[in-house]
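Number of protein chains: 4
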Amino acid sequence: MNNKPFTAGVIGASGYAGQELIQLLARHPRLRLEFATSEAEAGRVLPGGGRYIAVADAPLDAVDLVFSCLPAGDSGEWALRAAAAGAAVVDLSSDLRGGSAGAVYGLPELWRERVRGARVIANPGCYPTAALLALAPVVRAGLIDSHRPVIIDAASGVTGAGRSAKRELLFGEVAEEYRAYGVGNRHRHVPELATALARLGAAPSFVFTPHLLPVRRGILETIYLPLRERLNGEAAWELWAESYAGEPCVEVLRNELPSLRTVVGRNVVAVGFTEVDLDSPMLLVVAAVDNLLKGAAGQAVQNANLMLGFPETEGLPV
Amino acid sequence: MNNKPFTAGVIGASGYAGQELIQLLARHPRLRLEFATSEAEAGRVLPGGGRYIAVADAPLDAVDLVFSCLPAGDSGEWALRAAAAGAAVVDLSSDLRGGSAGAVYGLPELWRERVRGARVIANPGCYPTAALLALAPVVRAGLIDSHRPVIIDAASGVTGAGRSAKRELLFGEVAEEYRAYGVGNRHRHVPELATALARLGAAPSFVFTPHLLPVRRGILETIYLPLRERLNGEAAWELWAESYAGEPCVEVLRNELPSLRTVVGRNVVAVGFTEVDLDSPMLLVVAAVDNLLKGAAGQAVQNANLMLGFPETEGLPV
Amino acid sequence: MNNKPFTAGVIGASGYAGQELIQLLARHPRLRLEFATSEAEAGRVLPGGGRYIAVADAPLDAVDLVFSCLPAGDSGEWALRAAAAGAAVVDLSSDLRGGSAGAVYGLPELWRERVRGARVIANPGCYPTAALLALAPVVRAGLIDSHRPVIIDAASGVTGAGRSAKRELLFGEVAEEYRAYGVGNRHRHVPELATALARLGAAPSFVFTPHLLPVRRGILETIYLPLRERLNGEAAWELWAESYAGEPCVEVLRNELPSLRTVVGRNVVAVGFTEVDLDSPMLLVVAAVDNLLKGAAGQAVQNANLMLGFPETEGLPV
Amino acid sequence: MNNKPFTAGVIGASGYAGQELIQLLARHPRLRLEFATSEAEAGRVLPGGGRYIAVADAPLDAVDLVFSCLPAGDSGEWALRAAAAGAAVVDLSSDLRGGSAGAVYGLPELWRERVRGARVIANPGCYPTAALLALAPVVRAGLIDSHRPVIIDAASGVTGAGRSAKRELLFGEVAEEYRAYGVGNRHRHVPELATALARLGAAPSFVFTPHLLPVRRGILETIYLPLRERLNGEAAWELWAESYAGEPCVEVLRNELPSLRTVVGRNVVAVGFTEVDLDSPMLLVVAAVDNLLKGAAGQAVQNANLMLGFPETEGLPV
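Those protein sequences? They're chains U, F, X and H, same order as listed.
Using this note's numbering, you'd call the opening residue of the first sequence number 95 and step up by one each time.
Using this note's numbering, you'd call the opening residue of the second sequence number 95 and step up by one each time.
Using this note's numbering, you'd call the opening residue of the third sequence number 95 and step up by one each time.
Using this note's numbering, you'd call the opening residue of the fourth sequence number 95 and step up by one each time.
Incorrect hints may have been included.
If chains are identical, the list can't say which one is meant, so a pair holds when it fits in one copy or spans any two.
No farther apart than 25 Å at their CA atoms in a straight line, the calculated lysine to any residue pairs in the SDA-like style are these [claimed, not checked]:
no.	residue 1	residue 2
1	Lys260	Asn349
2	Lys260	Arg355
3	Lys260	Glu350
4	Lys98	Gly211
5	Lys98	Gly143
6	Lys98	Arg210
Treat the hints as calculated values from the structure; they're not laboratory data.
The model shown is predicted, which means the values in this text are computed figures rather than measured ones.
Work out the full structure, taking the sequences as your base and the hints as a guide.
In structure tokens form, the structure reads like this:
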């Protein structure tokens, strides 16, 4: 491989994930941002030079790679248009996560080889990224007690809800507030998570309850895991640590639980464990992720690095 | 006066000031809320019973008093319509603050008798309320050095900017941020303040710079006051304390400066003083106000109390 | 009963609960605050007149009622000293919650008659208050599936952690952060909750996981309730609404979940419901409480009102 | 110069500046962190390996460079001890800013050659760094009207106040609050700023009023600058842009004002301008700085880079 940088474009760069991606690309040693589209910012200067353009003017056939960060509904379509124009593609929306149009679900720690060979990546959602990496070792080991559901109680900062001007996301509404939403397994990430868990083997039943936190970024998932047999914190650490040995973007904590501060600004999922002393075995797993990095733009770059043959964490803070 | 409660209606109750007003009225011993209009909330139950209705259905002629909290541009018109229907009116917008249609500028501490006799009140803006009560004693005493401008450096919580869904007011934009806006005397409160100061006597030249704070409510104004002769903190306290003796809604602090915490939840402006030791005399005056109470809904009720002959602070936390 | 107000004292008034209590007492129509102790504030003026004094100077025998808000370890002892001096007593610490020295656990909605007859009240903890009122109807009805644990995932604002100067509670540590603590049923409220549940009948096994929220006040508890048979949201509402019919300090929501905003500033616990569609029946119950009001100082006043024969919500915002 | 990295130690690494420094050093390509002292963290692992040690065990003579981040009072003394042991030294406290013991005031944009030749650097305070870079061009040009004071109204995030456990810095005290402190030119940065301005030429009289913001990091200074003659925003931009041409750590904005978001995470001071239309000429200058980077740890690294002959922004985000 020669050292000429590959070129990239970002479609739909107005939102928080798009903005994060642009900042990552500005510092990426092997990817050069050729264009970014934003109707709102059209004409303004990009970090690193160049200007925002309208999406209709995006030269899809002139770049090696396209990231699509448009709203769900539009994003997948543009992603496929870019693929048809010859670019490798990472779609950050949920449009292609079901696997339509041959898109590969881009969670490298679980399906790295498929990512390496892909031309179109469906970048996972932020909540599922943390939940899947937290659950995979125990699902694969067949240790979950299938008679009791896994409880996933999650909390996310507001950038996970996007940058559209909605009253419910105003500072005056969110500050000094905390509330559940999408309860009763009605959040759009529930089917995504269920499908991905099924790919790992026997899919456990689960309840997923997200909450909105008055912070800008970061997700914490407190997971109540019913087990077939007891597993103390140390044994849990061993199982997860072994599963993720050598993984640069998973941090397995020992005798410690992650918090938002553990992960914000980093392209990692961090997990920690505590046994709960009950009649029936239960393990408490806490997972944390920066929703804009490993939960969105960072993971998109990680996937792009794999598709293009770069070192996996090139240009990423870990 | 008999004890039958007077009846009131609120037009435009969706915003922060309207919501605050509805809560105040629910606890007011002499005013009964008959209706509140909100297109967004139409059909939902009001605190204290009744339901939100559409503004077009507001029975303006069936109540003793109407508060109008619509956006500027619409509010004044509806206020005058209510006045024509026979109601006493308090308009919380800026539409009538210039005195059009005979509206009285409703700052009771400075112009109480005019308020008492009014049928239409233009309720002052939040920033001017604090600035005028902070400046009035020294303006009336003729102590300001007219060769140097008064500097009013102000900061406001986001509810002062309204409840419309604007990107710049999202939690993701406002949290961990602080910025100036409307600089160079371009804020819409500048002419209101200038006009009101002129009514007090010789109008000083001033610079007003508002900033947006990542808090929900409260305004702090740090005022640099150039004086013709030195005035130390204690002498300043005497001048202000004497000016506002007996005023229930002004708190003059001695050897202490107010902060947001001093005033949030209370219908008061609090002021404090420190002398600055320079060649030319300067007094630092810090004023604080809850933008939704004494800066909006609370002052509206205070004005209504005066118009209807109630005790001035009836139903108000002071 | 004549109209002469009863007199009260507050021991340990420096913290958030003590400060809240002082504000409540300043507005209470039948209780007059005679003294408040605070080593830090000694000599400063109390709202409503009087001055803070040192605890050693507290005239325990000169008041009808004493509230003790000292830290756990000291508080119970002072409470008993006040009782020995002849005062009715409400202890806000955990010292007497196990029932020692004949103290009555003061949760009026569950044990009102015992509260009415008590001379010493152990005021419940903030987390247990919400959890107990959320769980009592279904525990009493015997509907919980005892083979699966109840999961109580809770989040609290920082005033619940007290006002001591600890690094972990600094703004710089708490803002933009969210973390679990006291996990694995190690929080000090776990035994209190277990004991109180046992008093209600068959005690379910449960897991309690608190988290620290970057807000000043308010607690939300998301409770995953395993049931013996299905109960949909409407049926749940009926069960809870009937259980709490006429209760002024419990708000049972229909087709809606409470959030912090529902309860902050009010002496209520609010609860709402959603069924979760799984193989084994599960109901999601969300409960919210203002940790300083119904979770501490407000409930203390509610208990005092009952002990002294006043209307139960006298002086309380509901 | 060969490529062997230089070695560095950090004394007093528990606080926010020390922690920031450690993170910067972990990514610095030419400086290797040999030790960091922290009584609180002693024994814990450092990022990049090694462990925190007690200050008494610091091998001052074994490193090329020592950063001292101890509290004022102790820091200067340890800095001089390190210098005596042969290390180049950057003291982040205020102890040596008056120039004692031959320390050079380390503001590279104004006194770069002195920094290059220094062995002991007194790293400037956060407020003065922003104020000096904002004022230097106009002070040097002799444009300030000496008959009127410069007003510097400033606001800082809480990490600027340190990480000691003080009640006034608790989340419960700082959130939803905003207050002035150190008013009347009593802040400890006032003499530092006066001394440094005097070094630039005719020192203007000024008033400096800091406020505490409910954000973690970032300082904004709103400066009211009385001029001898009018200077519009464009002319101001030209003057400042020319003064700072080629400076990597000063960003001069055109037709735009900086906010916290402009600078947080970057080792820069950003400045912008607006003319105020008054009888006597006034320019509004807004300056922003990340108090932990260009306001502390970042500037310390910038100074170290200069002392050791590295590129000035090596290892620094700009």
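Within, between, both or neither, where Lys260 and Asn349 count as close if Cα-Cα is 25 Å or less: Between copies only: 22 Å across, 41 Å inside.
Same-copy or cross-copy closeness of Lys98 to Gly211 [CA-CA at most 25 Å]: within (21 Å within a copy, 40 Å between copies)
Intra- versus inter-copy proximity for Glu350 and Lys260 (alpha-carbon distance at most 25 Å): between (37 Å within a copy, 20 Å between copies)
Copy assignment of Lys260 with Arg355, given that the CA separation must stay at most 25 Å: Classified as between; 18 Å across copies, 27 Å inside a copy.
Within, between, both or neither: Lys98, Gly143 at alpha-carbon 25 Å: The answer is within: 18 Å in one copy meets 25 Å, while 34 Å across copies does not.
Homomeric proximity label, Lys98 with Arg210: Cα distance no greater than 25 Å: within (20 Å within a copy, 37 Å between copies)
In this structure, every one of the numbered hints holds.
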